[in-house]
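Just need the whole structure built from these sequences, with the hints factored in.
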Amino acid sequence: VQLQASGGGLVQAGGSLRLSCAASTVIFSIYNLAWYRQAPGKQRELVASISSDNITDYADPVKGRFTISRNNAKATMYLQMNALKLEDIAVYYCYGDRHYFGSTLKYWGQGTQVTVSS
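Sequential numbering of the sequence shown, starting at 236, is according to our numbering.
In short, the hints are calculated from the structure, not lab data.
Check each hint, because a few of them may be wrong.
Computed cross-link-like contacts, BS3-like style, restricted to lysine-lysine with a CA-CA straight-line distance of at most 27 Å [claimed, not checked]:
1) K277 to K298
2) K277 to K309
3) K298 to K341
4) K309 to K341
5) K298 to K309
6) K277 to K320
7) K277 to K341
Structure below.
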């Protein structure tokens with residue numbers, strides 16, 4: 236499975252961006268999905284997740300500002316980011332996993348850069 240992230244860019248503080256992650260699979264609905272980010276000099280961190288049954292969870296710094304969603308028919312995951320802050324600057328990665336005969340298959344997309352200007 237390939238995951239293709241897009242939608243990053245440069246935005247002013249307080250602005251919005253929507254990231255997309257398109258997957259090359261016809262069984263997208265069974266995947267648990269997430270967005271991670273990695274800021275310069277920091278470890279990769281979980282931003283938001285959405286399970287195969289649409290249960291969502293968010294890291295505290297983005298709660299109330301970011302919304303994760305998925306469209307199984309389009310095999311695409313989204314991250315709507317509002318009220319962006321300088322501390323949101325990072326490379327954002329999409330992630331997906333699914334269970335397979337007692338193990339977990341994990342997939343990462345390439346990153347998309349989000350830059351916020353003051």
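Tested hints:
1. Restraint check for K277 and K298: satisfied, since their Cα atoms lie roughly 20 Å apart, inside the 27 Å limit.
2. Restraint check for K277 and K309: not satisfied, since their Cα atoms lie roughly 33 Å apart, outside the 27 Å limit.
3. Restraint check: the Cα-Cα separation between K298 and K341 comes to about 25 Å, which is no more than 27 Å; the hinted pair holds.
4. Between the alpha carbons of K309 and K341 the distance comes to roughly 20 Å, so the proposed pair stays at or under 27 Å and holds.
5. As the CA atoms of K298 and K309 are separated by approximately 26 Å, the hinted pair is consistent with the 27 Å bound.
6. Restraint check for K277 and K320: satisfied, since their Cα atoms lie roughly 17 Å apart, inside the 27 Å limit.
7. For the suggested pair K277 and K341, the alpha carbons sit about 22 Å apart, so the restraint of at most 27 Å is met.
In the structure shown, a violation is registered for the earlier hint numbered 2 alone.
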